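Colleague: For reference, the chains in residue letters:
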Amino acid sequence: MTGRLLLWGGIGFFLVIIGLPFWWVVTGSIKDPAEIIARDPTMFPQSFTLQHYAKLLAASAYPTYLVNSLIVAVSTAVLTVLLAVPAAYAFFRMELPFREGMYRAILLAYAFPGIIVLIPIYGFFAQLGLIDSLVALVIVNTTFALPFSIWMMRSFLGTIPQDIEEAARMDGAPTPVILRRILVPLLLPGIAAVAVFAFISSWTEYIFASILILSDAQRTIPVGFAGIIGQYQIDWGLLLAGATLAILPVVIIFALIGRTFVAGMTDGAVK
Amino acid sequence: MSDLVLQGVTKRFGATTAVQGVDLDIAAGEMVVFVGPSGCGKSTLLRMIAGLDPVTEGRILIGGRDVTAAEPVDRGLAMVFQSYALYPHMTVAQNMAFPLEMQGLGRAEISARVRETARTLQLEPLLDRKPRALSGGQRQRVAIGRAIVRQPVGFLFDEPLSNLDAELRVQMRQEVARLHRTLGATMVYVTHDQVEAMTLADRIVVLRAGRVEQVGAPLELYENPANAFVAGFIGSPRMNLIPATVRDGAVTLPGLVLPRPGLPAGGTPVQVGLRPEHMVASGPAIAATCEAVERLGAVSYLYARLADGTQVTAQVDAALAVTSPGAAVTLTPDPARALVFAADGARLV
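Line order of the protein sequences matches chains A and B. Under the numbering used here, residues 1 to 271 are what the first sequence spells out, in order. Under the numbering used here, residues 272 to 620 are what the second sequence spells out, in order.
Worth flagging that the hints you see were computed from the coordinates, not collected in a lab. All figures in this text were calculated on a predicted structure; none of them were measured in a lab. We put the CB at the ideal spot given by N, CA and C, even for glycine. Everything hinted at is true.
Pair ranges (Cβ atoms, derived):
no. : chain 1 : residue 1 : chain 2 : residue 2 : range
1   : B       : Thr288    : A       : Thr2      : 57 to 63 Å
2   : B       : Ala448    : A       : Leu108    : 53 to 59 Å
3   : A       : Met94     : B       : Thr281    : 22 to 28 Å
Below, a sample of chain A positions facing chain B; criterion: calculated Cβ distance under 7 Å:
no. : residue
4   : Asp163
5   : Ile164
6   : Glu166
7   : Ala167
8   : Arg169
9   : Met170
10  : Asp171
11  : Gly172
12  : Ala173
13  : Ile182
14  : Pro185
Just need the whole structure built from these sequences, with the hints factored in.
Modeller: See below:
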């Protein structure tokens, strides 16, 4: 009984720690400016207004940033999945020379902070003519998301019994067909996890977006949003509305993809 | 149906040799069972025949064609895995249709063949279910169905029944036997269960440490094992192996003298092999101490220890079956049925 109480107490504690800032941001975005900066902060909004949202969407380039961010994040997620699945398969199931060495080298690349390669990457994209292009951001974000994604995918692949793949080989399926028809459907929870990871890391990426993008029309939310805040003075209502809208796609994605995180996909395959 | 020939098939993993120079001719339509303790190389040998593991040395021929380097699909064999290896995201029908799709057959033909196979295996009511909604026996039947539907030149079974409970195992064993009769297909079956081997095989291949110990019909192996290993492995309860010595051209053990031609020189240590059911004939008796009695209804087994510490098993009648542990018993082996092995296990007489 005490154990249960402690458990729920702990869950409640962390729920408050994690949930409170979100509550603050979301409720703040619909408060009157006066209430937001009131000397005694209100936990529950005493006023209701959509003026911050109206201002954000009408008077700033926020919608453009939102669209740019979505394009970059979705493309990054798709590209990462498309590359991580076959790469993990190659690293985990195929007989390749120096397989383990290559795999380690890729993981090692993940250990370095991205900022170390900022200048060479800038030069590289400059030569390719990709400065101020969303394509550059997709490439960079995919590059940084891939090592961890491959590692994640590899452990998901490890949960699929090798017998299933061998049965498919006996049935006459070539490797691409095994990947597409057998492994991908069984890897869906892993693919969803990788996609969410790539989406979020792209969604929140700041440094490269601030360096590689020059024009306002190509900015993503983190960089563009920083501009909105600093432009005149700190407009708290605008800030909170923008933050709320920035969280929204992530929440939607989790709500949609959460369904594929179903345990027991391989139930009944073996044994 | 094709014949299957193995010529000097060897498999090495680094420094370890898993399978050593196996030569075997399997006739078209024959059911051959590979049997042996775990780690004897039987599954590795089967996987090499399937094409899932490359052969280190030697050749594999199917229907006269050298398939040593061929891809699994080009060998025309179907395999049933111990774990069933069904595709969990596909229905029973889709599982069975998959190999046919890979062959590029038309939709109508695939559907017809899946139905036909499902009918033979009584899987029709299950066609729309996913594997997780099936019992162990049903899953195994689907796995067999997926193998049959391709109409392969031969079947490979890798311990297909070892995940089933005892009752289902007997039932599925009979089903496999029936399948072999009706299809008349070449089948290679791997098991560590010697009862499965005895009941299913046309011929049994006994393997130990990657080598073939003996190849022969089930009863031939039972009656006439080539060495002490085969003698001990085939038959349940195991054959008794009692240490003895050669003296004056006869094998001598306490209470039993076996004059046999062709024995080694006097003083050589040997082993006498006696099946439990050959322990109660009339004649000179061996003294032993009863350790346990198992009454199985139709037969009873008496487990006893000889004066030298050797444990023996005897199939006994009702009178002896009432013996309690610790009691002194006399076992009277049938000298005519005794086999003689050298100390290293080689068959002498």
